[in-house]
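Numbering (our numbering), first residue to last: 10 to 154.
Careful: at least some of the hints might be erroneous.
Taking CB as the label site, the calculated pair distances span [unchecked claim]:
hint, residue 1, residue 2, range
1, Val120, Val56, 27 to 35 Å
2, Glu89, Val131, 26 to 34 Å
3, Glu87, Ile141, 35 to 43 Å
4, Gly132, Lys90, 33 to 41 Å
5, Ala54, Pro25, 17 to 25 Å
6, Glu70, Gln34, 27 to 35 Å
7, Gly133, Arg53, 16 to 24 Å
8, Met153, Ala80, 14 to 22 Å
9, Lys90, Gly133, 17 to 25 Å
10, Glu89, Asp139, 13 to 21 Å
11, Ser154, Pro23, 32 to 40 Å
12, Val131, Leu30, 32 to 40 Å
Read the hints as simulated data drawn from the structure, not as lab findings. From the three backbone atoms N, C-alpha and C, an ideal C-beta is built for every residue, glycine too.
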Amino acid sequence: QLCSICFNITEDDPCPVCSDLDRNQRILCVVEEPLDVVAVERSRAFVGHYHVLHGVISPVEGVGPDDLKIAELVRRIETEKYDEIILATNATLEGDSTALYLQRRLSPYNVRLTRLARGLPVGGDLEYTDEITLGRALDGRQEMS
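Whenever a hint applies, use it, and build me the whole structure from the sequences.
What follows is the structure, given as structure tokens:
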């Protein structure tokens, strides 16, 4: 089943990450797929919360914004206070397009938007990235302007 808050795969609702009060609830990391949460958690460089989109915008594949968990993300931003939202989509054409769409969609909410640093291989997936590289990419994330 999916967590009703972050949409990660879980046995409990809400999931263990969303239920953990010791995590930083003011930073949200937006990822494409549940396996990306696993990859980021392995890096031990992030202690905030997640939002899983369940895909990327891909006109070639017939996937648009309404097919993803973007409306749910917007609702979270409208109801919760975040200091930063990390757009941790993959360094692919679709990942970049999705991040750009999210940047435009979220800009009215006056929240700091960042993107993972480009230490990640272009065309690569987060789930196959080693912990050190992913940790450095999280540490070196940059403002989107």
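Hint check:
1. Val120 <-> Val56: 27 to 35 Å: For Val56 against Val120, whose Cβ atoms are near 18 Å apart, the range 27 to 35 Å is violated.
2. Glu89 <-> Val131: 26 to 34 Å: Distance hint for Glu89, Val131 holds at roughly 32 Å.
3. Glu87 <-> Ile141: 35 to 43 Å: Given a distance of about 36 Å, which is inside 35 to 43 Å, the answer is holds.
4. Gly132 <-> Lys90: 33 to 41 Å: holds (35 Å)
5. Ala54 <-> Pro25: 17 to 25 Å: Hint holds: Cβ distance 18 Å, inside 17 to 25 Å.
6. Glu70 <-> Gln34: 27 to 35 Å: holds (34 Å)
7. Gly133 <-> Arg53: 16 to 24 Å: Since Gly133 and Arg53 have Cβ atoms about 20 Å apart, the given range 16 to 24 Å holds.
8. Met153 <-> Ala80: 14 to 22 Å: holds (21 Å)
9. Lys90 <-> Gly133: 17 to 25 Å: violated (33 Å)
10. Glu89 <-> Asp139: 13 to 21 Å: violated (32 Å)
11. Ser154 <-> Pro23: 32 to 40 Å: About 33 Å separates the Cβ atoms of Ser154 and Pro23, which means 32 to 40 Å holds.
12. Val131 <-> Leu30: 32 to 40 Å: holds (37 Å)
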